[in-house]
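Peer 1: Taking the hints into account, I'd like the entire structure generated from these sequences.
Chains A and B supply the protein sequences, listed in that same order.
First residue of the first sequence? That's 1 in the numbering used here, and the numbers climb one at a time after it.
First residue of the second sequence? That's 1001 in the numbering used here, and the numbers climb one at a time after it.
Hints in this document: simulated from the structure, not taken from any laboratory.
There's no promise every hint is true.
Restricting the straight-line Cα-Cα distance to at most 27 Å, the calculated cross-link-like pairs of lysine-lysine (DSSO-like) are [stated by the list, open to error]:
(1) B:1093 / B:1079
(2) A:165 / B:1055
(3) B:1191 / A:30
(4) B:1088 / B:1075
(5) B:1151 / B:1075
(6) A:165 / B:1079
(7) B:1075 / B:1093
(8) B:1138 / B:1151
(9) B:1079 / B:1055
(10) B:1093 / B:1066
(11) B:1085 / B:1143
(12) A:165 / A:30
(13) B:1191 / A:193
(14) B:1066 / B:1085
(15) A:165 / B:1075
(16) A:29 / B:1191
(17) B:1152 / B:1138
(18) A:30 / A:191
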Amino acid sequence: MHISEGVLSAPVLVTGAVLAAAGVSVGLKKMDYEKIPQAAVLSAAFFVASLIHVPMGPSSVHLVLNGINGLLLGWVCFPSILIALTLQAILFQFGGVTVLGVNTVTMALPGLIGYYLFGRLIKGENRLISLAAAFACGFFSVLLSGILVAGALLSTGESFTTAAKLILLAHLPVMIIEGIITLFCVAFLRKVKPELLGGVYEKAL
Amino acid sequence: MKKRYNTRYSFIILFLTAIILIGSNGPALAHKVIIFAWVEGDTVFTESKFSGGKKAINAPVVIFDKDGTKLLEGKTDNKGEFSFKIPKVTDLKIVLNAAMGHKAEWMIPESEIREAGPIVEKKSAAEPSGPISVGFSKEEVQKIVEDSLDKKLRPIVRMMTESKNTKPSLTEIIGGIGYIFGLMGVALYFKNRSKK
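Peer 2: As structure tokens, this is what we get:
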């Protein structure tokens, strides 16, 4: 899912950087005491998730965990994901420093959208709806990321439909796995710390 | 309350670690693509891989000269390899496009091609060709030596390709996690100070 260095044109890179900066600044404003350790844990999870690979066709895809990041952190997922991506770029050479903005947006934005779409459902009373929403959030975050990556690749002349088809097809197993992981995380949190789901949501609004 | 909170976090960490350990059992393939190229005679061989060892199959490879003009293009075979005859003595930039935004480059400097290639240099007549006795010209001897060196060095070149593809080491992974928690400490510190 990481876009490599030197693939995108300057306007796309700049747009990505500006959007990411905006997201990060909102995220930092919303980051309070309780969010900091939470953001760190999820950032670390995101950081290592990229090492878990699902071999797929000519390429290989890895877990993203942006759904659960967005769901639990809201806007704070922007700084959380930016930090993880920066470290991945420096230590693993995944992506690259110049593409950080674009990569942050393609991964954090779907998380944020997932948070607004499914956050309410997840903290609801009904366990079944909550878990279904968790699965959907994990699933759609990756799906949306794929669409955003395809959109970013448009500027390289790679046609949107081909790129999108390729990315989405390759990420189908990841979507399902992420859906399940998000589901388990939410089920776990509902049991041991329901305030975390509900409380976080109210506060970040 | 604060204590309880902390234990919950450690639960989450444990949970995620468990997922990671289960997940990383298989061959971990990292998300980076590499192309490696070397010259043998008049041919350039390239090998493309995702770090961790998975070959980049059917990926388009484009070769540019030093001015950025496209010289030729091709596709990697099912072993991730692609070879081509040197089209022109110049710096070659080999670009691999492994779709989904993955891209890698390899440069072959002009000097490497000159040294390896049989492209005959116009030697100035003034240069003494040396008193070579056994009927071999200087060039012939040079070519024989180079050919056999190419052959002998091939495994080493391959080994170097392999070693370039090492996946992220444990040190890097743990270091990265350490950075994140260090940053958390810094953030908490500043939050704490601004509150006072």
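Peer 1: Can you list which hints this structure breaks, lowest number first?
Peer 2: Violated: hint 12 alone.
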